[in-house]
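Below, each chain spelled out in residue letters.
There are 2 protein chains.
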Amino acid sequence: MQGEPEVAVLRLGHRPGRDDRMTTHVGLTARALGADRVVLPDEASGPADTIRDITGRFGGPFEVEVRGDWRPLLRDWAGVVVHLTMYGLPVQEVEADVRADHREGPVLVVLGAEKVPFEVYDRADHNVGVTNQPHSEVAGLAVFLDRLFEGRELDREWADAARQVVPQETGKKVVSLDDESSGEEGQDPDGAASADG
Amino acid sequence: MQGEPEVAVLRLGHRPGRDDRMTTHVGLTARALGADRVVLPDEASGPADTIRDITGRFGGPFEVEVRGDWRPLLRDWAGVVVHLTMYGLPVQEVEADVRADHREGPVLVVLGAEKVPFEVYDRADHNVGVTNQPHSEVAGLAVFLDRLFEGRELDREWADAARQVVPQETGKKVVSLDDESSGEEGQDPDGAASADG
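These protein sequences, in sequence, are chains A and B. Position one of the first sequence corresponds to residue 1 (our numbering), numbered consecutively onward. Position one of the second sequence corresponds to residue 1 (our numbering), numbered consecutively onward.
Rather than coming from a laboratory, the hints here were simulated on the basis of the structure. One or more of the hints may lead you astray.
Remember, identical chains collapse to one label, so a pair may be satisfied in a single copy or spanning two.
Capping the alpha-carbon separation at 20 Å, the derived lysine to any residue pairs in SDA-like fashion look like this [as the list claims (entries may be wrong)]:
| # | residue 1 | residue 2 |
| --- | --- | --- |
| 1 | LYS173 | ASP122 |
| 2 | LYS173 | GLU119 |
| 3 | LYS115 | ARG163 |
| 4 | LYS115 | THR170 |
| 5 | LYS173 | PRO117 |
| 6 | LYS115 | GLU169 |
Looking at chain A on its own, in the form it has when it is part of the complex:
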């Protein structure tokens, strides 16, 4: 988030078609919950476009990067590396250390899709489990970011948004920031509620 050291999310592995929605959800969750950047594999150009499209409509800053080899990024990262894995140490035990690291510099959060090479476990400063149960890398990322930022991410403001949701007790309200027109209850913001491209 603005005014803090960078938090980037690195997604390892992507099988086009099969993983499109999960990778899209990883990127959108990273954006919505305070990360500054997501790095996706070359194969994930479709999800990358979807995430950029949402950023264009709902605001940023948020960067989407596509690259062929993640190893140089991981090797040369000038900060702390956190690998989220169900085999790691409990998030509630290590989160204070990670927050302390983040006050000093950037954080790279690594999420696997398929089997993760051992070099990732080895390179990570923290292998962290959001529970040691099998569930979802999207869920793990969400809880990790919420705890890393201690909820500050929920109050972040968005720059250059074309539209904005206005929170409602019941129903839907979306304001277009381009032309001051607004869509009221019952309208969908052009499918914006769907994360799928």
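Could you slot chain B onto chain A? The hints should help.
Relative to the frame of chain A, chain B by itself:
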């Protein structure tokens, strides 16, 4: 969780094939992060089987229910209904109220897949947004449950598990609770880390 009023997660909508992974991740996230039960549409029998399989291997209690019509469940729910939606009120503003409700009785958390009928917004006691940004229902559920339980879910214990992950600073360790044999670093627990069926 045991010793607390029930928390059930109701997933609305499921397109077989296309939604299989998302619905599986919803169910596994519900289980891992402290809910007692997930209720899925009839069409989601594949994800239901996957979630039951994980529960059989990694423990419970956790119930997976498949039903044709969600309307009676929603209408007759004897407790508070929380609908997670990007159009709702910010979670950080309503979570204390929901926690107070949960101390008094059961909570039904409703998650949409496609467009959610207005009757759900209308029936919900709380329409809650985990941010008002488009991201992922799995991420929203995860943050909501972590805040509802205030982290207690991370310390829950599992009954009748056949295997258990032992948290490691580096690498993987899985203990089989059936026969006392264990798999050490580098082994995969029979694909248990993958949420997919």
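Tested hints:
no.: 1; hint: LYS173 x ASP122; in the structure: between (47 Å within a copy, 15 Å between copies)
no.: 2; hint: LYS173 x GLU119; in the structure: between (47 Å within a copy, 16 Å between copies)
no.: 3; hint: LYS115 x ARG163; in the structure: between (39 Å within a copy, 19 Å between copies)
no.: 4; hint: LYS115 x THR170; in the structure: between (43 Å within a copy, 15 Å between copies)
no.: 5; hint: LYS173 x PRO117; in the structure: between (45 Å within a copy, 15 Å between copies)
no.: 6; hint: LYS115 x GLU169; in the structure: between (42 Å within a copy, 18 Å between copies)
In this structure, every one of the numbered hints holds.
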